[in-house]
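*Asks:* Chain by chain, the residues:
Protein chains: 2
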Amino acid sequence: MNLVLKRALPLLLSLIIAILFSSVNYLKNVDPLPSWKEGMNKKAILLFVEKVTREGSNDYVEPEDRIAVFDNDGTLWPEQPLVEGIFLLKTVKAMVAKDPSLKNKEPFKAVMEKDTGFFEKNNHKGILQLAVAAYGNKTEGTFEKDITTFLKSEKHPKFNVPYTELGYQPMLELMAFLKGKGFETWICSGGNVEFIRAFSDDMYGIPVQQVIGSTLKMDFKKVDGKHTLWRDTVIQSFNDKEEKPVNICYHIGKVPVFIAGNERSGGDIAMLTYSDERKGPSFQLLINHNDAAREFSYQEKDNASLQAAAANGWNVISIKDDWKIVFKK
Amino acid sequence: MNLVLKRALPLLLSLIIAILFSSVNYLKNVDPLPSWKEGMNKKAILLFVEKVTREGSNDYVEPEDRIAVFDNDGTLWPEQPLVEGIFLLKTVKAMVAKDPSLKNKEPFKAVMEKDTGFFEKNNHKGILQLAVAAYGNKTEGTFEKDITTFLKSEKHPKFNVPYTELGYQPMLELMAFLKGKGFETWICSGGNVEFIRAFSDDMYGIPVQQVIGSTLKMDFKKVDGKHTLWRDTVIQSFNDKEEKPVNICYHIGKVPVFIAGNERSGGDIAMLTYSDERKGPSFQLLINHNDAAREFSYQEKDNASLQAAAANGWNVISIKDDWKIVFKK
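Chains V and B are the protein sequences, given in the same order.
First residue of the first sequence: 5, per this note's numbering; consecutive thereafter.
First residue of the second sequence: 5, per this note's numbering; consecutive thereafter.
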């Protein structure tokens with residue numbers, strides 16, 4: 005061995021070790037939530053994740069129980085306008101263009117005549133009726149293609165980019181952070197399941213089998229000589245309010261340790277309550293839409309979600325105060 | 005550096021490298037399916053998995069699409085007797101012991117009087133009626149506890165060990181092999197979902213969120229001052245025959261690449277067909293129970309499953325001829 009090299013070896017080794025250690029420390033200190041402002045809420049998230057994932061901690065949660073569930077509209081992307089609502093209206097209008105006699109029949113008539121009252125009465129029963137009319141009576145494959153075509157061609161009226169580019173950056177970071185800490189991330193949305201599955205993997209890194217949404221009844225039968233899943237015109241599950249914890253049980257069978265929803269219609273209160281009453285540690289996050297400049301500002305009529313959050317100590321996220329940016333540039 | 009060590013170093017290094025290489029080769033040659041006899045079926049499984057997982061192969065399947073689905077009763081453990089059937093009868097008898105007036109009411113009456121005709125008529129409608137009576141009208145937590153207690157206390161009448169020790173060893177190896185090759189393994193069973201979830205992780209390494217089974221409707225409501233999932237006395241889904249592909253779509257949203265069922269009632273034909281008509285490669289496995297000595301021998305009345313297998317080229321597994329052992333000693 006060369007004498008110079010031999011003498012330099014201990015120094016070289018120390019250097020390598022020093023570099024390795026400093027990169028480990030560097031990696032350790034990288035902020036997993038750079039789009040979140042420093043403050044109580046960011047701190048609470050980081051502390052919670054630390055205590056449930058550190059072995060030996062009193063609040064340690066086994067990796068197989070690390071379930072994180074997110075609502076979609078208003079929690080992971082904007083709901084002004086409700087993206088699926090635009091798709092629904094487009095679909096219905098295309099149906100009427102193809103068969104003009106439909107415009108004399110409800111629920112088509114109410115759409116063409118902009119009779120919003122029809123959709124609001126009886127606890128929004130008209131909207132479900134419309135969804136059934138537009139989403140049913142076709143094969144699963146046809147329906148999926150319609151959704152993909154819509155998502156590719158449409159842009160958000162305010163932000164002028166495709167809807168699929170409007171994931172909330174702080175929430176994308178939060179999901180990636182939880183996933184990195186061994187959490188399985190799920191969506192539990194009132195929206196149609198096929199609609200959300202069309203973008204869940206690309207936008208959020210959530211595979212389609214981890215999406216729970218509203219569904220129509222289906223039949224497995226032969227259509228044009230080929231076995232297919234046929235979409236009936238009957239609702240199987242409207243995954244809203246109290247139906248959310250029920251479907252979480254059917255699909256996951258474990259009570260979520262981390263759960264996130266938003267205020268607008270009280271749709272997430274039941275699933276946040278379900279998580280909150282879990283045996284063992286849990287974290288509830290509720291997004292408050294109060295940023296008209298960067299996103300939207302709107303409140304629930306009865307304020308039920310924010311009241312439930314206050315009563316139960318859930319973490320209310322203010323878009324205005326907790327997020328440095330809302331969307332990635 | 006010590007001179008002897010210095011001279012020995014190249015030799016030592018070669019030795020270490022040789023050992024490392026031979027262990028790699030050794031590991032490569034370990035049989036992943038040691039309980040399967042050499043033959044067409046074992047070869048077909050190994051070849052299929054090789055071709056769908058080797059990058060550059062024409063039949064390569066992306067890791068996220070590697071979904072493997074297994075029926076449970078008669079596919080992963082014996083169905084003679086149907087384990088859940090024993091649980092159901094025990095539950096019903098306990099209910100009658102507690103409230104003797106029930107024995108004059110159907111479906112309890114038929115159980116107490118061993119009126120098997122009641123359960124067979126109308127496409128086994130009586131069995132569903134019994135399941136609803138026994139499984140409903142209680143909290144999800146109570147029901148789960150009843151199942152765990154049953155599984156701990158009961159033994160198989162022929163093999164005299166707890167049911168949970170009766171996983172088919174060749175199928176356990178197959179599931180572990182597929183998992184190791186990047187497949188996500190799921191159960192899709194006609195059995196009650198909570199029943200299977202009670203042992204799926206321990207027995208099969210399948211987490212509860214990857215179990216699809218039959219379900220009752222549930223409500224999320226307050227019981228004794230605490231929010232809870234309440235089991236109604238209405239069937240939500242009887243996950244049999246054509247309902248299996250429908251529920252696979254609700255829960256997974258991808259068509260299974262690998263699927264396994266068994267002959268007895270034709271219950272798996274629809275889901276095997278669904279997989280078979282997948283765009284891209286797929287593998288269908290159907291177990292034929294023909295080993296009265298080591299397990300059981302029974303055939304379907306109309307032979308529909310074996311006929312469908314022959315017509316579609318599915319891989320029929322003969323327990324007698326394809327498996328070296330059925331259960332682990």
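Keep in mind that the hints are not guaranteed to be accurate.
Identical chains share a label here; the pair holds if one copy fits it or two copies do between them.
Derived PhoX-like pairs (lysine-lysine); straight-line CA-CA distance at most 25 Å [claimed, not checked]:
1. Lys324 - Lys55
2. Lys245 - Lys97
3. Lys333 - Lys142
4. Lys94 - Lys149
5. Lys226 - Lys46
6. Lys102 - Lys324
7. Lys129 - Lys162
8. Lys47 - Lys97
9. Lys125 - Lys47
10. Lys225 - Lys333
11. Lys258 - Lys113
12. Lys226 - Lys118
13. Lys129 - Lys221
14. Lys102 - Lys328
15. Lys332 - Lys97
Don't read these hints as lab results, they were simulated from the structure.
*Asks:* Going back to the hint list, which numbers does this structure go against?
*Replies:* Violated hints: 1, 2, 3, 5, 6, 7, 8, 9, 10, 11, 12, 14, 15; rest satisfied.
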